[in-house]
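Q: Here is what each chain is made of, one letter per residue.
Number of protein chains: 4
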Amino acid sequence: MGATSFLRRLLGGAAGSIERKVHELLSLCESLLAESGEYASTALARDALAAYQELDDPLRAQFFDALAQHYSPSPEAVTAAAAAYQGDPSSPNLLRLESAVEPARRELFRRLNMAPGGTAALVEMRRQVLAGLQAHSEWRLIDIDLMHLLRSWFNRGFLRLERIDWRSPASLLEKLIQYEAVHAIEGWRDLRRRLEADRRCFAFFHPQLPDEPIIFIEVALTRGMSSQVQPLLDIRSPVAPPQKADCAMFYSITNCQEGLRGISFGNQLIKQVAEDLKREFPHLRRFATLSPIPGFRAWLGKAGPREILARIEHPAWHLGDVPETLSRDLQRLCAYYLLQVKQNGEPLDPVARFHLGNGAALERLNWMADTSEQGIARSAGMMVNYVYWLAEVEGNHQRYFHEHAITASPLVEKLASECPLAMQEKGAAA
Amino acid sequence: MGATSFLRRLLGGAAGSIERKVHELLSLCESLLAESGEYASTALARDALAAYQELDDPLRAQFFDALAQHYSPSPEAVTAAAAAYQGDPSSPNLLRLESAVEPARRELFRRLNMAPGGTAALVEMRRQVLAGLQAHSEWRLIDIDLMHLLRSWFNRGFLRLERIDWRSPASLLEKLIQYEAVHAIEGWRDLRRRLEADRRCFAFFHPQLPDEPIIFIEVALTRGMSSQVQPLLDIRSPVAPPQKADCAMFYSITNCQEGLRGISFGNQLIKQVAEDLKREFPHLRRFATLSPIPGFRAWLGKAGPREILARIEHPAWHLGDVPETLSRDLQRLCAYYLLQVKQNGEPLDPVARFHLGNGAALERLNWMADTSEQGIARSAGMMVNYVYWLAEVEGNHQRYFHEHAITASPLVEKLASECPLAMQEKGAAA
Amino acid sequence: MGATSFLRRLLGGAAGSIERKVHELLSLCESLLAESGEYASTALARDALAAYQELDDPLRAQFFDALAQHYSPSPEAVTAAAAAYQGDPSSPNLLRLESAVEPARRELFRRLNMAPGGTAALVEMRRQVLAGLQAHSEWRLIDIDLMHLLRSWFNRGFLRLERIDWRSPASLLEKLIQYEAVHAIEGWRDLRRRLEADRRCFAFFHPQLPDEPIIFIEVALTRGMSSQVQPLLDIRSPVAPPQKADCAMFYSITNCQEGLRGISFGNQLIKQVAEDLKREFPHLRRFATLSPIPGFRAWLGKAGPREILARIEHPAWHLGDVPETLSRDLQRLCAYYLLQVKQNGEPLDPVARFHLGNGAALERLNWMADTSEQGIARSAGMMVNYVYWLAEVEGNHQRYFHEHAITASPLVEKLASECPLAMQEKGAAA
Amino acid sequence: MGATSFLRRLLGGAAGSIERKVHELLSLCESLLAESGEYASTALARDALAAYQELDDPLRAQFFDALAQHYSPSPEAVTAAAAAYQGDPSSPNLLRLESAVEPARRELFRRLNMAPGGTAALVEMRRQVLAGLQAHSEWRLIDIDLMHLLRSWFNRGFLRLERIDWRSPASLLEKLIQYEAVHAIEGWRDLRRRLEADRRCFAFFHPQLPDEPIIFIEVALTRGMSSQVQPLLDIRSPVAPPQKADCAMFYSITNCQEGLRGISFGNQLIKQVAEDLKREFPHLRRFATLSPIPGFRAWLGKAGPREILARIEHPAWHLGDVPETLSRDLQRLCAYYLLQVKQNGEPLDPVARFHLGNGAALERLNWMADTSEQGIARSAGMMVNYVYWLAEVEGNHQRYFHEHAITASPLVEKLASECPLAMQEKGAAA
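Same order as they appear, the protein sequences are chains Y, L, P and U. Mapped onto my numbering, the consecutive letters of the first sequence carry residue numbers 5 to 434. Mapped onto my numbering, the consecutive letters of the second sequence carry residue numbers 5 to 434. Mapped onto my numbering, the consecutive letters of the third sequence carry residue numbers 5 to 434. Mapped onto my numbering, the consecutive letters of the fourth sequence carry residue numbers 5 to 434.
By construction, these hints were calculated from the structure, which means they are not laboratory data. Among the clues, some could well be false.
Pairs involving identical chains hold if they fit within one copy or between any two copies, as the list cannot separate such chains.
Quick list of in silico lysine to any residue cross-link-like pairs, SDA-like style, CA-CA up to 25 Å [unchecked claim]:
1) Lys25 with Glu398
2) Lys179 with Arg197
3) Lys430 with Ala244
4) Lys179 with Asp215
5) Lys282 with Leu352
6) Lys346 with Ala38
7) Lys179 with Ile22
8) Lys179 with Arg167
9) Lys179 with Gly191
10) Lys306 with Glu317
11) Lys248 with Ala54
12) Lys179 with Trp192
13) Lys25 with Gly399
14) Lys248 with Arg283
15) Lys25 with Glu317
16) Lys418 with Pro96
17) Lys282 with Ala47
18) Lys179 with Asp194
19) Lys179 with Leu199
20) Lys282 with Thr46
21) Lys282 with Ala54
22) Lys430 with Glu284
23) Lys282 with Pro120
24) Lys179 with Asp169
25) Lys282 with Leu199
26) Lys179 with Arg240
The following block holds chain Y by itself, in its conformation from the complex:
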């Protein structure tokens, strides 16, 4: 059979060093690729995935090595096709070049996807590739091919938005508890509070991963824009009538699938949820986040005024009365950090980058909004409200995208301009 001879060539003298299980898996992959597309066998794909799932870590590494080394385009074939195209840049020659350039890996993955559970298995495979990338930089080639396909298969058009509530299956709710990455869910009672009438939870699902959320967002329906996160998370807080709310506070958003890292769903999710909530509660006036400023404290450590740093060195600096001057200075520094501190033209702070890039406006800085240990350590206790004004999101995003322009409220602008660092710059510029 063709596959055998291919494998002989493929594995060459090295075949001895490849374990039997990996050899068998590669043999299944070859058989799968050897079919013409029309007949590619679901059974072979299923067997290959089963064999893959049997591998332990070292064997999987062997398999990934083989995938990275032997399923890339042949340089000779690419060179020849490139030369032919250069000689005659016709459409047929372009197609031949395209075909020469596409790795066999990609077609292999497409065919593995035919098996029941194939998509989930490939998402998991990419997770494993990513986990080993630092130690095996050559696996980047596998990652690129998986990413190419997953991006296409997890296209927005294939996702469906679903509301999650207390009537959802326990097996799904259990996953929220497990995945939540922003404000940990402390058991079922905590989760239940987050699904009461004045809370909302939405997730994207994909038809091929029916029981797995792709990304989920938690929303609180409030009167007025929240300035502190602890009250939102308090499981003993009374349930407010949602009809009276005028704000939807997005207080947590979590990507669930490590194997889909780099494919962004958050932007689409926020916009869709805001539209759906607006339809259900027409009197909602504001869609806002209550977000951390995770890079602030680290930046401050490097760039902040020494006398301020001295005053917030002690882990308990925020307990008791904080002098107003310190509070004022920290807020100015934070506003400055958010608006002025950039990297490649974009805000240094990753959360700011995400929401401002999405088209949100930086509305308000909240003093002592997150007094948890992590809130103090990373954001000096402050949090930000980014607001999604439905009518302006698109324009804001365009201006951000083309000019890196940031939309902020006058209040935040003023705070930033009063920051000593801004003063210095002005002075320097004058």
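Since the structure of chain Y is provided, determine the placement of chains L, P and U on it from the hints.
A: Here is chains L, P and U on its own, set in the frame of chain Y:
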């Protein structure tokens, strides 16, 4: 905005000749492509598709012309990337070459797919491209890109098999009536008979085309292998108890989506249905078709013995008593046609090619099995049983695929060998 | 076993004349009743119903005879319990009397209802009882018990309203075609037109009869109140945008289950549908029927002026030009018939009785509104619009119910008062 | 309006002492009853139930008092109808008597059931009636009428069996935790263990109480018949492969709806679950319970030998080594208690009565099977396996039902016969 300047370049002096509606659509396409992937807007995709669906035939042709001409890779970029790769065949250079080679069209289609109903719209778009291909050969480029994506999106893993019965939605059943391509369904009573207890109908569905079958197959559960099609189609035939059946006769299989032409689903569907039926009715012993021989009569007209042709010239030649010699000679010729008449190594007859390629065996020739006008005109009234022996399908397919070997019963082999044409060849060879 | 001795007593010397099958069924019924309630066996109930369903007409009649004769309360027991109560009208004695008075049949039916499909079987049983009632007046006792239970089980609270459209199962739609009693549905194309965007169809379903509508109503969404029925039924009529409609015309309402005759669902259905439509289309201003006057022509034949009768004797009297005087006189007579001709204080016309009793108002008389053969023969070609004013339905119904007061528009009142018969009465009264 | 005058009569001079809210509710009830059946208004029923649900405890008691006093049959009417029947025991007179005897309450409840949520509200109402029955014996009349209707509406035919697993809605699972009455569920982890692959949970549901289980049963699939309950409940026990199980142990069964007390579902549930499990796992050989003997210890305290009582007086008597003689004597006493100690001919032990009455066989006594505090206090640490032999259940039940005959294994029989108390009796008899 960037898109405008692009369009100016794109359309150049010719802009005047492009209608406003097409211009607007192209402008939407540019905006959609201009976004970075993460922000590509569902709203823009929806608007673009809506604008596309507004176009009449001549405007659509203008749009397709623009798609074919202006969204292909730039020869300069490809040449430069090819040269860089030739100079240094590294992975990054290969990726750059791959990227240079991929048409912008493909990314455009991926983004259009984000809109609600996007996949269905692209399937329809491909149907329209295919319909115009003869007159516009340059649209082949569009077809190639759509085919590339649709093949990936309509991967077996994304399809689900569903049984269709009299409890299915009328809106779906109506489509069966409309699509059925082999034995036309004459209204609701006919359809109802085909969904009774001794009949089965299955279809593949795709999550993005929830109300549209992709392909469907009709099966009769019978005692003994059917040798005539009219009794199977008779709406007044009594309903037989399915538990007593020992054969599943696949008597009709129809591809529903012209826009998915060239993506083969039949092979997968037949295998899956056979497995499912075997599970439901463990006593089924044979899974067979009752198939036309659509190319026989035309081939006979060219290659058949003159005296035989003379005897079947009259459209009513088959009515009344047909002499046994004529019947015998026609069967021999037909067996010879199916087994020996090839094109590029494969059977000339398209239905034979499909089933034998799938791994079926040519089991039996049935005299006067389809006496409809079309049956006489195309197959001289004969039909064939191809049998899918579950344990041998894979082996048969492999042998067909690698050696073009055909599996046939001794009886059919014998008929073919007794054919005068086969005799001549033997004589000639001797 | 107890049941045998009971049967011996029950059937007495007559046992010989009872067929074996009926005897077996009665024996099953006895076993079922012999259990204490808690253990009453689903299996016995299922067997009994199966045995019942096996009976042909004459055997079923034997079974009904036995049901009617032997499952009634024993007069001795009733008399004794009555005497005890009369002696001491205490609660326990009342309960004993109640228990003595309840027929064993009723408990038997309750237990038969435990079997899968039991409710449907009892509905069918009542249909058969009703069908034989004229010939077997003693079966009335069976009917009373079935009616008592079915009325309780088909309580409004157990019914759910569902919309029926072209996506409904074909098996259900087929039943609409079969059941429709007002304006016959001429095949699937006719049905499809009645389910387009400007039409609505709703039905009540019961959890125990999942595939069977109990009652259904057909509605047309129109601009202006329809005055003719043929345009509503025209399958070639263009589909109007439902958002522009200001009237919902109830043009057909059909009770589907003969076995539920006498349990009225129409009143509840109309009110619920009107409320639901109002929610979906807030701009609907009128909910009206277009109804026949089925008793008019028959009444006219008896009570109408001879010269008028002479002019409408010929079946084609309405073709060509109808003299205005005739038209005017007929309309006056019809209005008089609807408003003044009573039986037991209520309108003689059954359709008028239904809608006016429901709380509708008699709004308008439509000349030549139904020119079908039946329309001419029964209603002299006229139809009536009864309007359900949501705010007044309850009040109208109360006034009808307590005082037999009819709500009619001034126009119809005027027509009625101008009728020669009304004049005579007035004259007579004066 | 009729209702007002009725109320005046109803409430008479006492009207002053009835609170306004109760008065309004009674007025709604009157209006509801005043309608003819066909028009009885869903809206009125809804309003009446809403008004009822507003009442606090004292007002509800007033309402129940009114229901009990004023909605019973009038003695005069009953007496008159009874006399008429005695004079002429005809069918019409019987019907009239039946009608006179039926309380208006019952029709009122039927009409309240028309409202959305009506059935659930009436189940709750009965719960409240039952709760007050001891203090208000006259409410027994209300209970009788509710029971009559609920028994008919919660007929086995209207219930559907559903499996509950970890994919069920959290809102439903939460109710299991709350309702479980036999072995308390200690939070979500405990529940999750009870829903793993080697456990099953089933419940009956009613269409009108969609989110409320009526009764549920918990089953463990085991190898061999369990003799101890703690291992079954251990949340850290490994999950066994269900295909290898040969026993289904019913270890907990809970009635959920206090308002349905007295309507028995357990017998039907056990039989149905056993049949369903047998279909899914054909190799299951035994369907058995592991049941407490809740009345044993109390009976022993009264009837047991003094020297034995002395030895088990201390709450920790079972810790450490229990002398074999004590163990043997207690088992003999327990077997004797189960087989010989009767009340009205049936076993004194309520659990024994339930299972033996259902047709189960008393198979085995298990020493130290439940060492929980309650297990020791009520059952002296022992538990019993009752086995449901599918082929014998019906026969056993019949023999129990007609002769109070108990089916027990020879081993248990022997234990009972060796009990000193049995010896005494024998001696006494001899």
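Q: Would you mind marking each hint as holding or not holding in the structure?
A: Comparing the hints with the structure gives:
no.	hint	result
1	Lys25 with Glu398	between (52 Å within a copy, 23 Å between copies)
2	Lys179 with Arg197	both (16 Å within a copy, 17 Å between copies)
3	Lys430 with Ala244	neither (48 Å within a copy, 68 Å between copies)
4	Lys179 with Asp215	both (9 Å within a copy, 23 Å between copies)
5	Lys282 with Leu352	neither (32 Å within a copy, 54 Å between copies)
6	Lys346 with Ala38	between (51 Å within a copy, 23 Å between copies)
7	Lys179 with Ile22	neither (37 Å within a copy, 53 Å between copies)
8	Lys179 with Arg167	both (15 Å within a copy, 22 Å between copies)
9	Lys179 with Gly191	both (11 Å within a copy, 17 Å between copies)
10	Lys306 with Glu317	within (13 Å within a copy, 74 Å between copies)
11	Lys248 with Ala54	between (53 Å within a copy, 24 Å between copies)
12	Lys179 with Trp192	both (11 Å within a copy, 14 Å between copies)
13	Lys25 with Gly399	between (55 Å within a copy, 24 Å between copies)
14	Lys248 with Arg283	both (15 Å within a copy, 22 Å between copies)
15	Lys25 with Glu317	neither (55 Å within a copy, 64 Å between copies)
16	Lys418 with Pro96	neither (61 Å within a copy, 46 Å between copies)
17	Lys282 with Ala47	between (47 Å within a copy, 17 Å between copies)
18	Lys179 with Asp194	both (14 Å within a copy, 17 Å between copies)
19	Lys179 with Leu199	both (14 Å within a copy, 17 Å between copies)
20	Lys282 with Thr46	between (44 Å within a copy, 18 Å between copies)
21	Lys282 with Ala54	between (46 Å within a copy, 24 Å between copies)
22	Lys430 with Glu284	neither (48 Å within a copy, 61 Å between copies)
23	Lys282 with Pro120	between (38 Å within a copy, 19 Å between copies)
24	Lys179 with Asp169	both (13 Å within a copy, 16 Å between copies)
25	Lys282 with Leu199	within (18 Å within a copy, 32 Å between copies)
26	Lys179 with Arg240	both (23 Å within a copy, 21 Å between copies)
Going through the hint list in order, the structure does not satisfy hints 3, 5, 7, 15, 16 and 22.
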